[in-house]
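Visitor: If you want the building blocks of each chain, they are given just below.
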Amino acid sequence: MSSLSTIQDVFNEPGCGKNANKTEAERKKGCTKQLQPGGAAGGCAFDGAKIALQPFTDVAHLVHGPIACEGNSWDNRGSASSGSDLWRRSFTTDMNETDIVFGGEKRLYKAIKEVIEKYDPPAIFVYQTCVPAMIGDDINAVCRAAATKFGKPVIPVNSPGFVGPKNLGNKLAGEALLEHVIGTEEPDYTTPYDINIIGEYNLSGEFWQIKPLLDELGIRILSCISGDGKYRELAYSHRAKAAMMVCSKAMINVARKMEERYGIPYFEGSFYGIQDSSDSLREIARMLIERGAPAELMDRTEAVIAREEAQAWAAIERFKPRFRDKKVLLITGGVKSWSVVAALQEAGLEIVGTSVKKSTKEDKERIKELMGQDAHMIEDMTPREMYKMLKDARADIMLSGGKSQFVALKAAMPWLDINQERCHGYMGYIGMIKLMEEIEKALYNPMWAQLRKPAPWDDAGVNWQAKAMAQMDAQAAEIAADPVRVEETRRARKICFCKTVDLGTIEDAIAAHGLSTVDGVKEHTNASGGCGACKGRIEDILAAQPAPVLQVAE
Amino acid sequence: MAIVTTSKKACSVNPLKMSQPIGGSFAFMGLRGAMPLLHGSQGCTSFGLTLFVRHFKEAVPMQTTAMSEVATVLGGYENVEQAILNIYNRTKPEIIGINSTGVTETKGDDVEGFIRLIRQKHPQLEKFPLVYVSTPDFKDAFQDGWEKTVARIVEVLVDHVEAGTARDPVRVNVLPGCHLTPGDLDELRTIIEDFGLKPSFLPDLAGSIDGHIPDEFTPTTIGGIGVDEIATMGQAGWTIAIGAQMKRAAEAMERKTGVPFRLFERLCGLIPNDEFISFLSEISGRPVPVKYRRQRGQLADAMLDTHFHIGGRKLAIGAEPDLLFDLSSMLHEMGAELAVAVTTTVSPVLERVKTREVLIGDLEDLEELAKARDCDLLITHSHGRQAASRLKIPFYRVGFPMFDRLGAGHQMSVGYRGTRDLIFDLANLVVGDREANHQPTPDTWRTTDVGLQVVPPQLH
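Protein chains in written order, with this note's numbering: chain A, 1 to 554; chain B, 1001 to 1460.
To be clear, the hints were calculated from the coordinates, so they are not data collected in a lab. There could be a bad hint or two in this list.
[As the list claims (entries may be wrong)] A partial selection of chain B residues facing chain A, derived with a Cβ cut-off under 7 angstroms:
hint: 1; residue: Ala-1083
hint: 2; residue: Val-1103
hint: 3; residue: Ile-1283
[What the hints assert, rightly or not] Here's a subset of chain B near chain A, in silico, CB distances under 7 angstroms, partners left out:
hint: 4; residue: Pro-1015
hint: 5; residue: Met-1018
hint: 6; residue: Ser-1019
hint: 7; residue: Thr-1106
hint: 8; residue: Ile-1213
hint: 9; residue: His-1410
Ideal Cβ positions, reconstructed from N, Cα and C, are used throughout, including at glycine.
Could you build the full structure based on these sequences and the hints that come with them?
Guide: In structure tokens, the structure reads:
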């Protein structure tokens, strides 16, 4: 399959911290942890590629596949556009049985022709999906032929769903841009203030909460990849002086390869939270000055930061008495964890837990730094445990992505959406104030008190929540009373989520083989053979083992 | 009689259609303790799952066999086996409902064969309810997936009944099409129970995805019809099938158990409900309760009040066949003109839709035809929102998905009461549009070159 070499290449990402920590052999295997049938939840690689590229607003996004891939998913993201609405229209070849038997290349070619005739976009992105990949439709060849015939860029995006998860799709999308688009056109003019923003999708238009500040400083966004982006800007983005990579690691390959090929330095930053916003503005200014912008840019930047921070702090001051003693449970993936943690603490909220399932070791260190050593990191909570945590009055509100919302809402607990389907922007200084407003609204809604009351005909205290809790407590007590089960429970704690390895298995392996390194543990148990995020936990286990009683050679 | 045509385009723009595997999963969601499982790559499930969550604003159970590139090429036996075992061990379901997808159908996985092997290998699964339905993405549509899955559930899970076995005349099987909402099913249950009958709904989305607060945390469906109740459906006196798509399941039921069925292609509108209520009265031997006599009067009055606004409207409707047929027939009976009809898949009802042509096409077709034929009311699912804003005509959301408005699960169209509320909503939409966008001006009635212009706005 033609996409295979690209996938190998994507896995070999030196800019990725997680990857850099791996051995040669691990790196080859890549970050596609084997998904578990019957236990997986995320999107596929095609989903990831579409998410990453769909926010390019003037491009026609054409999905080559049966109806499921596009028909079930289109117009599902809240990215905002300042111009064209073409990106929101849906184009798919809707392959039928005949196409499967005879091949879908002709239909794809005709579809490209129809799109150009009807909508005349500056470019078409063609997405490969599983079924045409299986039957051997060569979309690269079709795109090449169509581009020649119609004199228009037709870009193949080779990311069929079954090659891996969403994050792999993000990167494959980036590869398509690097290979076919970036560097193919030239801007009318350049300035010393040109930057690229990479990995920002402008969800709910939130990037517009920060853009006015950049405008004020005279900093020009040469290209935003991909929120409110335009094809031509992307094509000449190689002329930027510096770049900021926003959404964690999703498009790290684009940032790194643009540095490699075009000498555009990048930094990883965030506009979530006051401190992070200021740091990012400063870093942009610093990099531009390094690349030749006048030094006075930093003075102006500092002045804007000082003004914005003062305004934001004054606005947030109002919330502090309302948020006193209020506790937040934060369930979210990856780097977003720490950037939001910092922001919430700025307003005086206490964070009683945050999930670190998708975070790297460095992310976790940073969370510890921000929240103290006793930060409760939720590795893998069941809905029941999540609810218990809320219920035990350790949390007054839960912030999470859409998937876990029903745990909180059905338990009559305030909840706020902070993932991609949300309808408010939370970026920059203004966004933080908006987030505080939303939290306050949720926390103090009088509705909760009514909803928590049992129906008049139900006994108070024997509602389902109480029953569930009692059941959990009873189970816990039963286990605590039985030393054998205490040990069983302790040993059953899952350490590696990718390979499903529990503590007991690892301890046994350490004891049996006298292991002292993570690699040794991996060799014997396969733990940390997936994403590698559990390395730290295994190191802790190794450190906690009694000093090696010199094992007699077996 | 309408001519049914199929769009000749190579590129579908703004699809109306959704895939049949998720229609199949949707049917399994109406079973208690169920875990719908798609045999395909994980995106097949996650797109469907997200769509259901956005529509219902509920937690939705749905799993995947997570086929990788290599597994797809080599065949998915191990993935199906692992998925079933994982679900069985972790979520303790009462049934696992499996639908194939485009990926695994292109490879040609023999899932029935897999299931036989899995049952042999794992004795704990020998009797465990596993229902498999073949539903490739590259054929048919959402409604077909539902139709095939319900029929298959009947074939696999309903117990055989010996000829001559006494039936329970009070029990009635109800086989609702996928165009009915949980709210519709609740209404039907009330109506049927008011005749002293005991209905068994298959599938019963009302118990599982109507938004009630569950009794405990459960990763499977939180309600719906139980496998045990399905097994005994052969004892019922009658089967009521709603929507032409349910004929297949009703026939399967009759073949297997001998339970006779009556098909109601429509339950929206005055006459269809007269037939339905009369039928219930007939099979129960009870007179029509006063409540329904009053509701009939209310609907008749609502028709009088709203016909000024609905009559003469030029409709553009995009919907799956049964919903299209039901709604457009009712609106035709109210004096509206169905100027554009677009649907997703073939069906015997299409040629009886009251219009010249029914197009199997997409929302681009709907939008263009609506514009060309000057339609002034657009009716389709939420994906019509872009078309509506470009056409600048009132837009009424029906069907699945409805992700940009709340309460999708409770929007009703069945019964006298459901029809009454629906036509009030539609008429209010039209009135609101007139007030906002079509107020008369000094030039509204001025004659132009082409003669007398525009119909004056009716102000009643």
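Visitor: Each of the hints needs a verdict: does it hold here or not?
Guide: Status of each hint after checking the structure:
no., hint, in the structure
1, Ala-1083, "holds (3 angstroms)"
2, Val-1103, "holds (5 angstroms)"
3, Ile-1283, "violated (35 angstroms)"
4, Pro-1015, "holds (4 angstroms)"
5, Met-1018, "holds (5 angstroms)"
6, Ser-1019, "holds (4 angstroms)"
7, Thr-1106, "holds (5 angstroms)"
8, Ile-1213, "holds (5 angstroms)"
9, His-1410, "violated (17 angstroms)"
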